[in-house]
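**Student:** These are the residues of each chain, in order.
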Amino acid sequence: PIPDSLNELLAQYGGLVGKVVAFVLAFVVVWLVARVVLVPLANRVLRERGYDETVRSLADSVFGALALLLALAVAFTVAGFGSIIAAFATLGGALALALGFAAQDLLANFVAGVFILKDKPFEVGDWIEWNDMSGRVEDIDLRVSRVKTFDNEQITVPNAELANNAVKNPVAYDRLRQKFVFGIGYDDDIDHAKSVIVDEARSNPDIMDDPAPDVRVTELADSYVGLQSRFWISDPSRADFARVRSNFVQAVKERLDAETIDMPYPYRQLTGAVETTATVTESSASPATDD
Amino acid sequence: PIPDSLNELLAQYGGLVGKVVAFVLAFVVVWLVARVVLVPLANRVLRERGYDETVRSLADSVFGALALLLALAVAFTVAGFGSIIAAFATLGGALALALGFAAQDLLANFVAGVFILKDKPFEVGDWIEWNDMSGRVEDIDLRVSRVKTFDNEQITVPNAELANNAVKNPVAYDRLRQKFVFGIGYDDDIDHAKSVIVDEARSNPDIMDDPAPDVRVTELADSYVGLQSRFWISDPSRADFARVRSNFVQAVKERLDAETIDMPYPYRQLTGAVETTATVTESSASPATDD
Amino acid sequence: PIPDSLNELLAQYGGLVGKVVAFVLAFVVVWLVARVVLVPLANRVLRERGYDETVRSLADSVFGALALLLALAVAFTVAGFGSIIAAFATLGGALALALGFAAQDLLANFVAGVFILKDKPFEVGDWIEWNDMSGRVEDIDLRVSRVKTFDNEQITVPNAELANNAVKNPVAYDRLRQKFVFGIGYDDDIDHAKSVIVDEARSNPDIMDDPAPDVRVTELADSYVGLQSRFWISDPSRADFARVRSNFVQAVKERLDAETIDMPYPYRQLTGAVETTATVTESSASPATDD
Amino acid sequence: PIPDSLNELLAQYGGLVGKVVAFVLAFVVVWLVARVVLVPLANRVLRERGYDETVRSLADSVFGALALLLALAVAFTVAGFGSIIAAFATLGGALALALGFAAQDLLANFVAGVFILKDKPFEVGDWIEWNDMSGRVEDIDLRVSRVKTFDNEQITVPNAELANNAVKNPVAYDRLRQKFVFGIGYDDDIDHAKSVIVDEARSNPDIMDDPAPDVRVTELADSYVGLQSRFWISDPSRADFARVRSNFVQAVKERLDAETIDMPYPYRQLTGAVETTATVTESSASPATDD
Amino acid sequence: PIPDSLNELLAQYGGLVGKVVAFVLAFVVVWLVARVVLVPLANRVLRERGYDETVRSLADSVFGALALLLALAVAFTVAGFGSIIAAFATLGGALALALGFAAQDLLANFVAGVFILKDKPFEVGDWIEWNDMSGRVEDIDLRVSRVKTFDNEQITVPNAELANNAVKNPVAYDRLRQKFVFGIGYDDDIDHAKSVIVDEARSNPDIMDDPAPDVRVTELADSYVGLQSRFWISDPSRADFARVRSNFVQAVKERLDAETIDMPYPYRQLTGAVETTATVTESSASPATDD
Amino acid sequence: PIPDSLNELLAQYGGLVGKVVAFVLAFVVVWLVARVVLVPLANRVLRERGYDETVRSLADSVFGALALLLALAVAFTVAGFGSIIAAFATLGGALALALGFAAQDLLANFVAGVFILKDKPFEVGDWIEWNDMSGRVEDIDLRVSRVKTFDNEQITVPNAELANNAVKNPVAYDRLRQKFVFGIGYDDDIDHAKSVIVDEARSNPDIMDDPAPDVRVTELADSYVGLQSRFWISDPSRADFARVRSNFVQAVKERLDAETIDMPYPYRQLTGAVETTATVTESSASPATDD
Amino acid sequence: PIPDSLNELLAQYGGLVGKVVAFVLAFVVVWLVARVVLVPLANRVLRERGYDETVRSLADSVFGALALLLALAVAFTVAGFGSIIAAFATLGGALALALGFAAQDLLANFVAGVFILKDKPFEVGDWIEWNDMSGRVEDIDLRVSRVKTFDNEQITVPNAELANNAVKNPVAYDRLRQKFVFGIGYDDDIDHAKSVIVDEARSNPDIMDDPAPDVRVTELADSYVGLQSRFWISDPSRADFARVRSNFVQAVKERLDAETIDMPYPYRQLTGAVETTATVTESSASPATDD
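Note that the protein sequences, when read in sequence, are chains A, B, C, D, E, F and G. With my numbering applied, the first sequence covers 1 to 291. With my numbering applied, the second sequence covers 1 to 291. With my numbering applied, the third sequence covers 1 to 291. With my numbering applied, the fourth sequence covers 1 to 291. With my numbering applied, the fifth sequence covers 1 to 291. With my numbering applied, the sixth sequence covers 1 to 291. With my numbering applied, the seventh sequence covers 1 to 291.
Bear in mind the hints are in silico, worked out from the structure with no lab data behind them. Possibly wrong hints are sitting among the right ones.
Between beta-carbon pairs, the in silico distance windows are [as the list claims (entries may be wrong)]: (1) G:205 x C:226: 52 to 62 Å; (2) G:234 x F:136: 15 to 25 Å; (3) B:254 x A:237: 37 to 47 Å; (4) C:221 x B:181: 20 to 30 Å; (5) A:151 x G:124: 41 to 51 Å; (6) F:136 x E:235: 18 to 28 Å; (7) G:258 x A:151: 39 to 49 Å; (8) B:165 x A:32: 19 to 29 Å.
Glycine is no exception: its CB is placed at the ideal position from the N, C-alpha and C atoms.
Modelling step: build the complete structure from the supplied sequences, incorporating the hints.
**Tutor:** Here it is as structure tokens:
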């Protein structure tokens with residue numbers, strides 16, 4: 001049987017040359033067609049659906065790789081090695097899966113990036129807050145976005161963190177409500193304090209008159225009665241509302257002082273009995289109270 | 001053997017042209033049939049089952065992609081490249097799986113969106129609370145929902161966060177119970193304080209008489225006895241119950257003052273022995289106690 | 001070779017018509033049989049095993065989809081496109097898997113819903129506590145359950161949250177134990193205080209005599225000796241045990257006052273040496289101590 | 001070619017009837033054999049290995065389903081639709097996987113239930129503590145266990161929570177050590193206090209003499225020296241050791257008072273200088289100290 | 001065509017009997033060979049590599065199941081139902097996977113158990129600390145280990161918790177360092193206090209002289225200067241080092257008292273101005289200062 | 001039949017030799033071609049796309065392994081053992097998957113490393129902050145990066161931790177904002193304090209004049225009014241802004257002292273009634289106030 | 001047909017003997033070749049790439065198992081049971097996957113161990129800190145590493161915990177910065193205190209002069225001004241820097257005392273009005289102030 005199989009081998013080797021030629025020809029033809037037809041077509045479809053440049057160049061790479069795989073597969077089949085494709089598909093699939101698992105956090109960022117670029121839940125320049133961070137969006141890339149904090153630090157954020165968490169935009173609407181709790185003494189007149197606070201809010205030009213500023217009794221705390229003031233600021237994305245808030249708080253504080261409404265320190269109500277051993281020096285002059 | 005295989009190759013190339021024609025024809029026919037029959041049919045079934053426009057346009061894209069895949073598969077089979085399909089199905093499946101894993105958080109939002117749009121656990125305009133956020137639903141999209149906080153901030157929430165967490169709607173029913181703890185002194189008469197609180201609740205027009213307001217002794221705290229008042233407000237989605245609560249708390253506080261029921265500061269019971277070194281100035285005039 | 005392949009193509013096209021007829025016939029027959037036999041049979045088996053309507057209508061949809069798939073598969077095989085089924089099964093399986101992963105949190109709710117409806121760990125009307133929430137079950141659906149809090153808020157809970165967490169029912173049994181810690185002074189007689197507390201528990205008609213109320217010394221705290229009272233209430237699901245508890249606490253507090261057993265404020269034992277600079281005004285009249 | 005294919009179709013239809021008969025016969029035979037032989041055999045093997053009724057009835061359902069699948073598979077093969085089985089196996093496998101993933105938390109409970117019923121890490125009536133919950137086991141089911149808290153509440157616990165967490169049984173052994181820290185003053189004699197505590201432990205009949213009670217200096221705290229007493233109680237599952245502990249603590253407290261060993265309040269060591277403005281009323285009578 | 005197919009059926013049925021015989025014979029032969037050769041061989045290999053009895057009996061069950069599967073597979077192939085095996089392998093694989101996922105936490109315990117029994121990171125009798133628990137290992141099983149706390153409670157720990165967390169053995173070496181912080185006053189001499197502490201450590205027979213005890217200034221706290229003493233104890237697994245530590249702390253405390261080195265209470269440095277309204281009773285007798 | 005099968009076996013063995021020769025030849029040829037053509041080509045493509053040396057040497061190893069697999073697969077097919085490839089592909093895929101899962105955290109670091117080296121979200125020498133750590137990047141490797149803390153400690157960070165978390169670069173821009181809250185007394189003039197703080201910021205040469213320093217009232221705290229100063233520093237990556245900040249804070253503190261603006265200690269507002277038992281020693285000499 | 005099939009069976013049985021012989025021969029040959037060629041080759045390649053003994057012995061086991069599988073597969077194919085391999089590959093793959101999932105935490109430790117042994121991010125003897133633990137590496141194994149704490153306890157750490165977390169080596173460089181905050185009074189001269197601290201750092205021989213020690217004002221705390229001293233220590237891995245730090249802190253503390261710079265206790269600024277009921281005993285002798 002050995003000569004037979006050698007014969008067969010020679011025949012096989014001869015056939016192999018033809019197979020290699022067929023392989024190369026099939027590969028080149030299919031690959032060229034795919035690159036010239038498939039990739040530009042996919043690109044155009046994406047452009048028509050409004051995907052921007054960044055997403056489309058990613059799609060080009062992906063479809064390029066698919067074209068390569070297709071060309072290889074057709075070439076192997078034409079050359080008669082169809083069963084290798086099946087095996088490689090299985091093994092390749094498993095490897096792709098294993099790698100995909102390992103890289104899933106990273107890949108998720110790209111998928112999230114495509115959706116952020118397409119759906120625009122926020123855009124460059126928006127003020128966003130997520131988890132415990134906040135800042136203005138500076139740049140949206142496929143994998144990461146860059147956010148500039150109000151302290152001018154740069155945060156590089158993976159896109160999945162922005163797509164899979166609740167993201168807050170405090171200045172998306174044309175007005176914004178602010179709240180501040182003032183604590184007055186238990187002996188003060190609540191209605192008086194409320195009218196004083198509303199009065200100061202009304203006299204502040206940066207605070208809206210409609211919806212009107214408002215005061216609520218929200219707390220009977222250990223040492224004070226908590227009055228929560230609520231006021232509205234228009235066009236918050238432009239106005240520096242931290243400044244408005246600062247001015248309002250200062251004005252109310254000075255007004256409460258002027259009206260002799262107390263803003264008490266933490267109280268301690270003392271009781272019980274203490275022994276004291278006192279050494280007393282009497283001085284007839286009035287003491288200096290210069291502290 | 002080489003001429004043979006060249007012959008075969010020529011024959012193969014000739015066959016290839018026929019195969020390409022068969023491929024193109026089969027592809028076009030199956031694809032047209034699928035687009036014209038399958039997609040509208042699926043759309044109609046979904047419409048009959050009450051899915052709204054957003055879900056149906058998603059379904060159109062999905063079924064369109066399936067039609068494309070089906071047409072490709074039939075075309076390849078007709079052209080005699082059946083084994084390529086099997087290999088691509090394996091590899092494509094693995095890639096779809098890997099991508100699906102990477103994108104699972106994002107895809108989960110679409111699935112959640114379909115259920116939210118179909119089952120309507122909440123609708124646009126509802127007041128919802130979830131995790132530590134709350135606001136009114138402004139817009140429900142397939143991937144995200146938008147919620148407007150009571151401070152007029154915009155929160156973009158991935159739908160999965162709303163579908164897989166307990167979501168609370170505080171004003172789903174026609175009345176709502178509110179609770180507030182008043183702390184009175186250890187020396188005050190508990191029954192007196194209770195009747196005063198119930199009295200004020202009854203005299204508040206915004207608080208319901210039936211179910212009647214109620215007071216419970218819930219705490220013997222460090223410095224006070226805690227009385228928890230419970231009262232009901234009707235039609236909470238319309239009424240501003242934060243205002244009702246504020247008025248009630250202010251009224252009870254003023255009434256307790258009038259009845260000389262103490263709302264004590266934190267007590268410290270002193271004991272022990274302290275040495276003092278005192279410098280004393282005697283003044284016969286009565287001191288000014290204007291603080 | 002081209003004319004040959006064209007001939008083949010024509011023959012193929014002719015055969016295709018027969019195949020399409022075979023496809024349609026096979027599909028219709030198998031699908032009808034499956035819908036008429038399989039689905040009602042499954043439904044009846046489920047009904048016999050005690051699954052309720054909600055679960056059975058879900059099962060109908062699932063078996064309907066399976067019937068469709070079966071009919072498609074048989075039809076493709078009869079029409080001679082068996083290899084397409086294999087490929088589609090692979091790809092479809094991968095897609096189903098990917099989608100199933102993405103939707104696993106949502107699907108888990110349906111599976112949990114089936115078990116809750118079948119096993120009834122709790123039923124509509126039960127008082128349940130889970131994680132940090134509690135309320136009465138209002139409605140059990142396949143995906144979510146609705147719970148009404150005691151403040152009359154509505155919570156929509158995904159069923160998986162209820163099936164995979166420990167769920168507590170405080171009133172499942174015919175009596176319930178309550179605990180409350182009273183803090184007495186370090187100088188008070190512990191046995192006296194204990195007998196006073198037990199006495200008050202016995203004289204409360206809502207507290208059971210058997211098992212008897214009981215008091216334990218559980219803490220030697222900073223400023224008080226902690227006595228934990230334990231008492232039983234019968235038929236807790238009907239009785240308002242928050243009221244019983246409130247009455248008991250108030251009664252014990254008033255009794256301890258009457259017996260001059262101290263419930264001390266937080267103590268501070270002072271030591272050290274302080275310098276004081278005193279300005280003293282002597283007044284021969286007795287001071288007003290009206291505070 | 002059409003008539004040909006019609007002829008073929010007719011032939012096919014004729015053959016189909018035979019195939020259907022073969023399908024039904026094969027299904028019934030295989031299914032009966034499997035139900036009559038396989039299922040009882042598996043049940044007996046499980047019974048011999050000590051699995052209880054609950055597990056065996058689950059196994060019956062599982063093996064019944066397997067018998068159904070086997071019968072279907074053999075029937076399809078006999079009827080010549082072998083390739084459909086392959087496709088359905090792939091797709092069915094994927095669906096099973098997807099559903100299995102979605103339901104993995106629920107299924108895990110059943111697996112855990114089998115191990116709890118087989119290995120008996122705890123049994124009905126045992127006192128167990130896990131996570132932050134505790135109680136007596138009332139009932140162990142396949143999916144959940146029910147635990148009755150010492151306050152007579154019912155907790156329904158998924159079995160996986162009990163099988164995959166450390167579970168503590170405080171009364172598994174015939175004696176149990178208890179610890180309690182007594183805080184004495186910095187000026188007290190430590191050895192005296194230690195002997196007093198050990199003395200009281202020895203004179204308590206419920207505390208074991210061997211191993212002997214013991215006292216350790218464990219803390220030099222802000223305001224006290226911490227003495228940790230350690231004592232042993234025999235037969236803890238029957239004895240009410242909360243009562244023993246309460247009696248011991250009360251006895252030691254009263255003894256320390258009798259021996260004038262201080263149990264100090266939190267100290268504050270004062271320093272610094274305070275200005276005081278005093279209004280003094282002199283009274284020759286001794287003041288009432290009735291507070 | 002019907003008679004033909006009936007004929008075929010009869011032929012098939014006849015062939016079926018032969019197939020069943022072949023099936024049974026092949027099953028029995030392969031299974032016996034596997035049980036008699038494969039299982040004992042695997043058992044011996046494991047024994048030679050040092051796996052103990054518990055692991056080997058698990059391996060026996062696993063290899064027994066594999067033998068059953070092998071026998072079934074060969075029998076089906078011999079009987080000509082090879083395609084059923086492929087389908088069942090696919091479906092069975094998917095089911096195994098789904099079940100494996102659901103049970104992964106439980107299975108992980110068995111795998112961890114094998115490694116713990118083989119590698120012996122700790123053995124029965126060792127003192128281990130992991131997460132926030134500690135105790136002596138009492139028993140190591142395949143799925144769980146049992147640990148007895150120093151209070152004589154029993155903890156049942158899943159093995160994965162012990163294999164995948166850092167586990168600390170405080171007494172693995174022949175000596176152990178202990179630390180204790182003594183807080184002295186800001187006015188005390190630090191060097192004096194250090195020498196006193198080292199002195200007491202040296203005079204304690206249970207504390208090693210080499211490595212020498214040592215004292216470090218580690219804190220300038222609010223009210224004290226923190227001196228951290230460090231000392232070594234030999235043979236910690238036998239010695240009761242909690243007792244050594246207690247004795248050392250007591251000795252140092254008494255020595256610091258004797259040397260009049262202060263261990264201060266929390267200080268408060270007072271400032272500010274207080275108004276007092278004093279009612280003074282003068283007593284010429286010296287007051288009793290018996291507190 | 002035995003002689004026949006023996007004959008077949010001999011024929012088979014003879015054929016095996018030829019097969020082995022074919023196997024070795026095919027393996028060597030394919031492997032050499034792949035190593036000589038495929039690997040250098042891939043390397044050049046990566047170099048053209050800007051991947052650096054570290055990534056390319058990883059790619060070389062990966063493509064080398066692929067070449068080996070390809071050569072093995074072709075060799076097995078040529079030798080007629082195609083079905084073994086399929087089986088090994090399946091099993092190998094599953095093993096790769098299982099190993100890939102187990103190693104997914106480790107592999108993720110490599111994937112992250114490739115992206116960090118390619119996209120350069122930060123480079124060697126950058127100051128980065130992530131989670132709760134910070135330092136200067138010292139070295140970026142494929143699996144880990146090394147960061148040197150400002151205390152000169154070395155942190156080895158897995159790359160996935162840097163690629164999948166938000167990473168902050170505080171000095172990415174040419175200026176940086178700093179904030180510091182000064183607390184002044186409730187009795188002080190807020191405007192005066194604000195002007196003092198702005199004045200000190202302007203007179204500090206390291207603080208930018210444009211954007212101008214700014215002061216906001218942000219808190220009405222228990223014992224102080226919080227003024228938040230905000231100032232900008234240019235070229236933060238070079239300037240030692242901790243020093244600028246220190247100088248600014250010291251200057252403002254000394255200026256506030258000079259302007260007699262109070263920076264108050266925590267207040268306690270005392271009330272209530274204390275019994276004192278005083279032992280008084282009168283001394284006519286003025287007391288020594290040497291503390 | 002029965003005799004026919006019996007005949008076939010006999011023929012089959014006869015063939016089976018030949019098949020079994022072929023099976024055994026093929027198994028032995030392939031296995032020997034693989035063990036003699038493949039395993040030593042892989043071992044040598046690993047040794048050339050610098051993997052140490054531990055990793056190579058793991059690789060030997062893995063390649064040995066692969067050789068066994070290969071031999072089995074070839075033997076089954078030679079014996080004509082190729083389809084069994086496919087089925088077992090599928091099922092075996094699924095089982096491997098399921099087991100791999102269950103054991104993924106354990107396997108991850110081995111993979112991590114290979115990387116730690118190859119890349120040496122730390123070596124035996126290094127001081128490492130990770131999560132909240134620290135100590136010196138004592139031993140690096142494939143699955144776990146052992147770390148000896150500075151208190152001489154042994155921690156067994158799974159390698160994945162060390163490979164997938166940031167690991168800090170505080171003494172990797174030739175110098176280390178230490179920080180300590182001293183709190184001085186609000187009335188003290190900040191510049192004076194700064195020069196005193198720098199002076200003490202310079203006079204300490206263990207503190208480096210270059211980089212120079214430095215002091216920053218970092219806090220205006222409630223009761224003190226925080227001065228953060230920063231100083232460098234050379235050769236930290238050898239020097240006992242806890243001792244250097246202790247000496248420096250003690251020296252600065254004593255120097256600040258000598259310079260009468262205050263290190264204040266927590267302040268309380270008192271205000272308000274207290275009623276006192278004083279019983280005064282006058283003593284003409286000076287009181288004993290011996291406390």
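**Student:** Checking each numbered hint in turn, tell me which of them this model violates, lowest number first.
**Tutor:** 6, 8
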